[in-house]
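Going down the list, the protein sequences come from chains A and B. Using this note's numbering, you'd call the opening residue of the first sequence number 5 and step up by one each time. Using this note's numbering, you'd call the opening residue of the second sequence number 5 and step up by one each time.
I should point out that these hints are in silico values taken from the structure, not numbers from a laboratory. A hint or two may mislead.
No copy labels: a pair is met if it fits in one copy or bridges any two.
Taking lysine-lysine and the DSSO-like style, the derived pairs with C-alpha atoms no more than 27 Å apart in a straight line are [unchecked claim]:
#: 1; residue 1: Lys89; residue 2: Lys62
#: 2; residue 1: Lys8; residue 2: Lys62
#: 3; residue 1: Lys89; residue 2: Lys63
Number of protein chains: 2
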Amino acid sequence: MRRKTFARMNCSIARALDLVGEWWTMLIMREAFLGTRRFHDFQQNLGIARNILSARLKKLVARGILERIAAPDGGRRLEYRLTDKGRDFFPVLMALMQWGDRWVAGSDREPVRVVDRESGREIAEISVVSGDGRPLGPSDVMMVPGPGAGAATRARLSTRGKQEESAAGVEQKEG
Amino acid sequence: MRRKTFARMNCSIARALDLVGEWWTMLIMREAFLGTRRFHDFQQNLGIARNILSARLKKLVARGILERIAAPDGGRRLEYRLTDKGRDFFPVLMALMQWGDRWVAGSDREPVRVVDRESGREIAEISVVSGDGRPLGPSDVMMVPGPGAGAATRARLSTRGKQEESAAGVEQKEG
């Protein structure tokens, strides 16, 4: 089945997912963050079929998220390494991990802890905050057209006041 | 093609993706955060096939991310609403959006801006920080076994010092 591409949607979430949203892709990126570089190691650590791994790595390179570099042993073997674009994905994976810790693993059953090398203490919870550091929930924010908004985005976001209010209202009632 | 489940991997990223990593699922969640509640509106706003939307919504309800509630008009129609578990996914979507803004849309071409209702100012960049607020990159952290680590996780993380050092070293050299 060919899947619909999200690349032409004018939404950065959709376009990000078009690059990294395929099954396995974010786990391959997790491995790269853990220091995995060789095809064989990706395969072993993930238990992924060679053909799928090969296709995913190829796309990640084409999309500028991984790069192929010569292995440091001076041989002809190539390794995969995160580019700046790939490394910049770090907060997304950490946020996803923390959500999985809270809602799937559950408190005191987290498989892995991420600690700051300097202090040895666990990293903070990743959260949405205002410019001056106040924590913000979904009902504390509003989506407004950005500089790259097209007519459809502008039309949609200008008619959303009512929905926003009602979503915020529900949350206030509950909380 | 049946896809391999990530549910039994002892990793919170894998287990989170097992719940929300299917094609379309995070975009359906984006819509829910935007205030969309009705099947018809999800379908219209996403341009998704009815059968796929129906399957995805069903799973999101089964996984406790959305809930079906009676529409406020008093009729028999049901609507979909984010649960606490679903709302807690907010930082992941915002981190993904900001990555897409930076690396796909590009500066000054962001389709949407997310602003704090109180100040009207854009939210801060989502980043990984230490307990005392220092920004942390991938090479500033270390993965250590958590309370839910099994033997495989412990073995793997105890042999990773070398890889970590080398990943950190590469990054320092570059920049």
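Hints and how they fare:
no., hint, result
1, Lys89 with Lys62, "within (16 Å within a copy, 34 Å between copies)"
2, Lys8 with Lys62, "both (20 Å within a copy, 20 Å between copies)"
3, Lys89 with Lys63, "within (14 Å within a copy, 32 Å between copies)"
Violated hints: none; the structure is consistent with every hint.
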